[in-house]
Structure formats: structure tokens, C-alpha cells
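So you can see what is in the structure, the chains are spelled out below.
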Amino acid sequence: MRIDLIRSASFRLPLIFAGVFCLSISILGGLLYFQVQHSLEREMKDRIASEVDQLLVDYRQDGLGELEHDVRERTEASDGSRLLYFIRNPQNKIIFDVFTPSTLEPGWHVIGERLIVLIVELKDGYALGVGGELTEVVAMKQALLRALAVMFACALFISIVSGVVVSRRFLESIDQVRVTADAIAQGDLSRRIPLRGSHDNFDELAKTINGLLDRIDTLVQEVRNVATGIAHDLRTPMAKLRNHLETLLDEGGDRSERLEEAIRLLDDSFKTFNGLLRIAELDSGQHRRTFENVDLSLLFLELKETYDVMVEEAGGHLETSIEPAIAISGDKSLLFQLFANLIENSLIHGGDGVRIAAKLYRSDSGPVVAALHDSGQGVPKEFIDKITTPFFKVDSSIPRKGSGLGLALVAAIARLHGAALTFSNDHGFSVTVTFVDSV
Amino acid sequence: MKILVVEDDAALAQFIVNGFRERGHQVELAHDGYDGLALAMEGAFDVLVFDRMIPKLDGLTLLRTIRNSGVNTPVLFLTAMGNLEDRIEGFEAGGDDYLIKPFAFAELYARVCSLGRRKIAEPRSTILTVKDIRMDVSKRTLTRGPKSISLQPTEFKILEYLLRNAGKVVTRTMLLEHVWDFNFDPKTSVIETHISRLRQKLDSGFDEELIQTVRGAGYIVHAN
Chain Y
1 MRIDLIRSAS FRLPLIFAGV FCLSISILGG LLYFQVQHSL EREMKDRIAS EVDQLLVDYR
61 QDGLGELEHD VRERTEASDG SRLLYFIRNP QNKIIFDVFT PSTLEPGWHV IGERLIVLIV
121 ELKDGYALGV GGELTEVVAM KQALLRALAV MFACALFISI VSGVVVSRRF LESIDQVRVT
181 ADAIAQGDLS RRIPLRGSHD NFDELAKTIN GLLDRIDTLV QEVRNVATGI AHDLRTPMAK
241 LRNHLETLLD EGGDRSERLE EAIRLLDDSF KTFNGLLRIA ELDSGQHRRT FENVDLSLLF
301 LELKETYDVM VEEAGGHLET SIEPAIAISG DKSLLFQLFA NLIENSLIHG GDGVRIAAKL
361 YRSDSGPVVA ALHDSGQGVP KEFIDKITTP FFKVDSSIPR KGSGLGLALV AAIARLHGAA
421 LTFSNDHGFS VTVTFVDSV
Chain B
1 MKILVVEDDA ALAQFIVNGF RERGHQVELA HDGYDGLALA MEGAFDVLVF DRMIPKLDGL
61 TLLRTIRNSG VNTPVLFLTA MGNLEDRIEG FEAGGDDYLI KPFAFAELYA RVCSLGRRKI
121 AEPRSTILTV KDIRMDVSKR TLTRGPKSIS LQPTEFKILE YLLRNAGKVV TRTMLLEHVW
181 DFNFDPKTSV IETHISRLRQ KLDSGFDEEL IQTVRGAGYI VHAN
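Sequence order for the protein chains is Y and B. The working numbering applies: residue 1 is where the first sequence begins, and numbers increase by one. The working numbering applies: residue 1 is where the second sequence begins, and numbers increase by one.
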């Protein structure tokens, strides 16, 4: 079974893992960034507030003149990290400034992201403003952002790589189970899941599944042995019986007709017996090991060649519509048998003058489809689901025409090839065989 | 023909041996694998008939042993086991044909005769002439006397097989196996219908029926 890359777990799992990891890193990085920003701004605010408090102490003691003196002293200091000041008069004119704020309302203001200012009302309508430049804070924030970006990129890379590595190992184990199960479904019951020797959950799971497969293998062997035993133990005495009858027949005499009839009845029993054994053999899946590429188009041409003459003898007509170069993986003999049985079914039940149409094409959705239709009376709707049951008869009072295993064999061969079989009545009887795995 | 039969079941062995002797062939019988090996290695037989399940040395091992020793005599297996694996094993070991019990003696006889004829390594000729029939297999042409006859592909293959086995009985099963590239088991009389059509085309305007029915066995085209 193919798995598309995009839908595959080996593509999705690392992506999900990387996504979750990077989202966590982003959230943590974001929190760190805002925490640092808040912390730095808080520090600046505390410094400004403390400065304002100090200035207000002197102002309250010694008035505006002392305030102006204090402010001038501070501004004349050559300290690179000093604060910025202004004093506003009652007429809203700045009488001392190192900077001009864009607003003069009391309270905290952040101006243009580069300046943080505290403005306090003084007596007589004056106002004092103290501000700090956020240049260093901004620089620190930018450096932090760059570091976080690098960290994010590394995290993304590491998470994708480690996600791929981890999910590969995980999916390898699962894939091994899938591949082994596929091989077993194809008929190779000897396969087992290899152990990694890591004694972890996967190894324990593998051991459990292998144990299950051992049990299935044993059961299948037992069934096979029983079937082989039955085959041998029934066939041998039946063969002897037949030989005795043939010997008696060779001796001639007036019992010849009855002996021929006895041999014929015995041969019919063998055919039924062989038919049942064949169905069991098909369902065991062992035929899948010898599957090869089969040209179905050529096969259909051979079918027409084989059965044209028979349908004509019955006064009917066999029409085919065959798309060229349609090939599937399968067993040529069994596939021919499948369609031969369906055509023969139409011949036997369709009546004189039956018209049979056989189509082979690749559907738009991909699978190869073979459709047969005959102009016979079809099967009553309530029995359509039962017609592939061995020995099923629509009307049990009418003697059977045929072995009673034809459609059961068709169904077994279809199952072996992974094909879906559908029957319907529409102006006759239709059978559609869809080779689902042939996409 | 000189035939070796290796079969441990006394009744079946007698049935087979009597059948061949009544038809004028020489038969030697062994009841176990060791005796069978000793006789087969003498190499004087045209066909070997082995049962797969025989005591002391089973049929497959017996076959492998004689093949490894360079004995190329055709071998036909008799068996009660008819599943796919067993058939493949038999052919891979070097067997030439396979018959599942129970079988009609006529079937066994026809197949042994066919194998016996094969022992003479004839190159596969492309021109087949039997009586007044001339078939060119490569050109796909057929004439009977002065008359050119056109056949469908299946009819051609059936006649080709009959002509290549001219003088021998060809059973229905042998036709099914050799005319179609695969094994299938028809429930209807498809072989008989094809033979009937073939006869109409071949015999129209001629006194002699080319393809004769052998009751209880199959069909035959008598050789010149």
C-alpha cells in the first residue's frame, strides 16, 4: 500500500513536533522579552520618581528658585546617563528645558518610545517634568530580540531534525509491522516482525504479535494437514473404487451402461470435492506468491475466442468492448477461470438466444473494471446476496444445472485478487468485477 | 514402450500394470523408492510413472536423485495431493507431468504415450503433414488436399496439437492444458463445440473424417 508523502506520519509527526516545540520557545521568548522590557522600564521609572521626590523636597523647603538651581546643577553634570528636566510656568511656557515634551499633562508619559517622562504639578501653576531616555533600554530590547530570533531558528532546526530522527525510528517500527502484516496477508505465513533488542514497548509489542502469528501459523498448518489428510484418505479409496468399476467395464457384458453411469456419478463427486478443496486453497492465499503481470485485455480476447462459438451454437451473441493494454497483478489461469465461469453461467441460465456483453475498462477513479451482462432472466432480488454460497439454488425444486460451485469459485478468485464483486438485475443479469488494488 | 511403475498400493499398481500390458507395452513394477531407484538407474525405460508417496524413498527425492545422475527419462507423477504447492514442487524437481487420483486409465495412458514420444528429441517442426493435411505453423496456413481451409486461432491450435500427436489419443484434459496458455476447467462442452466446428471445416467435401473420437478417452488423428 502506498502512502502519500504529505499524508504520511513521517512527514506530519516531525512537523507537529517542531511546531509545538517552536511555539513553546516563542511563548517563552515572548514572556522573557516582555519581562525584560517591563523590568528595564520599571527601573527607569523608579529612578525618575526618586529624582522627582528629591527635587520636590528642596522645592517645598526653598521654593522655585532652589528648584531651578538644583535642576541646573544636575544638567551641568557631565554624567552620560543623567536625566532630563523641564519647568513650566503657569502660562504654559517652558522656563527651563533640556527637552521639550509634546504633552504637559501631569502624570507618566512615554514619548515616541524613546523617552519616559513624569510631570508633577507645583504650586502657583508651575510644573516640573523629569524624563529619562530609553535608548539603552531600546538597544537592550533589540539585542534581546536578535538573540531570541537566533534561538528560535536554532530551535526550529533542532526540533525538525530531532523530530525527523525520533519519528523515523518510531515509524520504522510501525512500518515493519505493516510490511510484515502485508507479506502475511499475501500468503507468506513464515514472516515475523524483527526485534530490535531494545526490550522497550516496541519489542514487547513485536513479541506479542509474533506469538499471535505463531498461533495462526499452527492453526493454518493444522487445517492444511486435515485437508491434505482428507484429500488423501478420501481420494485413495475413491480411486480404488473407480479402478474396480473401470476393470468391470472393460470386461464388457450387459452391466456396461450401469457401470458407465456409476463411473460418471463418481466423477461428478470428485469434481465437487475438488471444487471445494480448490476454494479452500484459494482462500488460504498461497496463490498470491506466484502472482505476475497479467494482460487482461489479451485475456478477454482469448475469452471471446473461446466462447464465441458456444454462444453462437446457443443461437446467441457475445459482444465485447475491451480497452487495450490493461494489466493487473494476478494469476492468469485463475482470472481466465473467473470470467469463463461467468460466461458459462450466462450460457447455462440465460436460455437460448442469450445475448452476452463483456466490457473491460479502467474507470475514471482508477481501478480496472470488468463488467458482464446477459439478457437472461436474472436472479430474484432477495437471493442476489446468496448466489456465491456453495451449492445455493434459487429454486430448490428444480434440478441443478452445473456443479453448484461456479459462482463460489468466482467469488474466491475475486477475493484472492482483492476485487469487489457486485451483482444486479437490470434488463437481464449483470456482474461487475472491480479490481480495487489495480489503481 | 517400456514403462517403469513405482507404486506401493498393490491394487492400484496391478490396475496400471494390467492396463499397459493389455495394450502391448512392457511394464516393470517396483513397490518402494529404493527398488524404483535401482531400476530407473538402469536407464532402459521410455517413461517412468511414480507415485509421490512411496515407502523408503519418496517420489520427489527419487526423481531428484535420478535427475542429478543424468537420467532424463520423462516422469509422470501420480498423487492424491493436488494443491498448488505440490504441483510446483513436482515440476521443479524435474517431473514432466502430473495426474491426480482418481484418474481414468485412458487419461494416464494418453499422457504416458505422449511423454514416451517426447523422449525422442525431435526438433519442433513448423510444417506438419498427416494424410492429406498440410499445416504451416509459422505462416498459419492449412490445406487438405487441394483445398485451402481457414481456421480461427483456437481451432488452429487444437488441430496443431492433434497433428503433433498424430497416432496417439489426446484427452480432453490434455487439450485444455496445451491449447490454452493456462489451466481452466470449463463446465460446458466448449472443447467439444470447438472440435465440432473444426470437423465441419476439415471434413466438408471429403469422405474421411480426420478427427476421430475415441470413446471414453478423447480424440485421435490417425497417422499416415
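Derived by calculation from the structure, the hints in this document are not laboratory data. Misleading hints may appear alongside valid ones.
Some chain Y residues flagged as far from chain B (calculated, every beta-carbon gap over 12 Å) [what the hints assert, rightly or not]:
1) E51
2) R60
3) F152
4) L156
5) D203
6) R255
7) L266
8) K271
9) T306
10) A327
11) G366
12) S403
13) F423
For each label pair, taking beta carbons as the anchor points, the in silico distance ranges come out as [as the list claims (entries may be wrong)]:
14) Y/D352 <-> B/Q200: 19 to 27 Å
15) B/D32 <-> Y/T228: 17 to 25 Å
16) B/K2 <-> Y/D385: 23 to 31 Å
Calculated pairs, DSS-like style, for lysine-lysine (alpha carbon to alpha carbon, straight line, at most 30 Å) [said to hold, decoys possible]:
17) B/K201 <-> Y/K240
18) Y/K240 <-> B/K157
19) Y/K304 <-> B/K2
20) Y/K271 <-> B/K139
21) B/K187 <-> Y/K381
22) Y/K386 <-> B/K2
23) Y/K141 <-> Y/K93
24) Y/K304 <-> B/K201
25) B/K187 <-> Y/K304
26) Y/K271 <-> B/K131
27) Y/K359 <-> B/K2
Don't be surprised by glycine CBs; every beta carbon is placed ideally from N, CA and C.
Each hint, compared with the structure:
1. Listed as a non-interface residue, Y/E51 keeps its Cβ farther than 12 Å from every Cβ of chain B; the least gap is roughly 99 Å.
2. Every CB of chain B is more than 12 Å from the CB of Y/R60 (nearest about 111 Å), matching its label as outside the interface.
3. Non-interface status of Y/F152 relative to chain B is upheld: no Cβ of that chain comes within 12 Å, the nearest being about 62 Å off.
4. Consistency note on Y/L156: stated as away from chain B, and its beta-carbon is indeed over 12 Å from all of that chain's, at 56 Å minimum.
5. Separation of Y/D203 from chain B is adequate, the least Cβ-Cβ distance of about 33 Å exceeding the 12 Å criterion.
6. Distance check for Y/R255 against chain B: the nearest CB is about 15 Å away, which clears 12 Å, and the non-interface claim stands.
7. A cut-off of 12 Å between C-beta atoms contradicts the statement that Y/L266 is not in contact with chain B; the least separation is 8 Å.
8. The beta carbon of Y/K271 is not kept farther than 12 Å from every beta carbon of chain B, the shortest such distance being approximately 8 Å.
9. Against the 12 Å criterion, Y/T306 falls within the reach of chain B, whose nearest CB is about 6 Å from its own CB.
10. Consistency note on Y/A327: stated as away from chain B, and its beta-carbon is indeed over 12 Å from all of that chain's, at 15 Å minimum.
11. No beta-carbon of chain B comes within 12 Å of the beta-carbon of Y/G366; the shortest separation is about 27 Å.
12. With a cut of 12 Å on Cβ distances, Y/S403 falls inside the contact zone with chain B, its closest approach being about 6 Å.
13. With a cut of 12 Å on Cβ distances, Y/F423 stays outside the contact zone with chain B, its closest approach being about 19 Å.
14. Here the CB-CB span from Y/D352 to B/Q200 is close to 20 Å, well matched to the stated 19 to 27 Å.
15. Distance hint check for B/D32 and Y/T228: the Cβ-Cβ separation is about 22 Å, which falls inside the suggested range of 17 to 25 Å.
16. Restraint check, B/K2 to Y/D385: a C-beta distance of roughly 58 Å breaks the suggested window 23 to 31 Å.
17. In summary, the hint linking B/K201 to Y/K240 is not supported, as the alpha carbons are separated by about 42 Å, beyond the 30 Å threshold.
18. With a C-alpha separation of about 35 Å, the suggested pairing of Y/K240 with B/K157 is violated against the 30 Å cut-off.
19. With a CA separation close to 43 Å, the supplied pair Y/K304 and B/K2 exceeds the 30 Å bound.
20. About 40 Å separates the Cα atoms of Y/K271 and B/K139, which puts this hinted pair outside 30 Å; it is violated.
21. At most 30 Å may separate the alpha-carbon atoms for a hinted pair to count; B/K187 and Y/K381 meet this at roughly 26 Å.
22. Taking the CA atoms of Y/K386 and B/K2, the gap is about 53 Å. The hint is violated against a cut of 30 Å.
23. A hinted pair counts as satisfied when its Cα atoms are at most 30 Å apart, and Y/K141 with Y/K93 does not qualify at roughly 35 Å.
24. For the hint linking Y/K304 to B/K201, the alpha-carbon distance of about 20 Å falls within 30 Å, and the restraint holds.
25. A distance of roughly 16 Å separates the Cα atoms of B/K187 and Y/K304; the hinted pair therefore holds under the 30 Å criterion.
26. With a C-alpha separation of about 38 Å, the suggested pair Y/K271 and B/K131 falls outside the 30 Å cut-off, and the hint is violated.
27. Our distance criterion of 30 Å between C-alpha atoms is broken by Y/K359 and B/K2, whose separation comes to about 52 Å.
Hints 7, 8, 9, 12, 16, 17, 18, 19, 20, 22, 23, 26, 27 from the earlier list are contradicted by this structure; the remaining hints agree with it.
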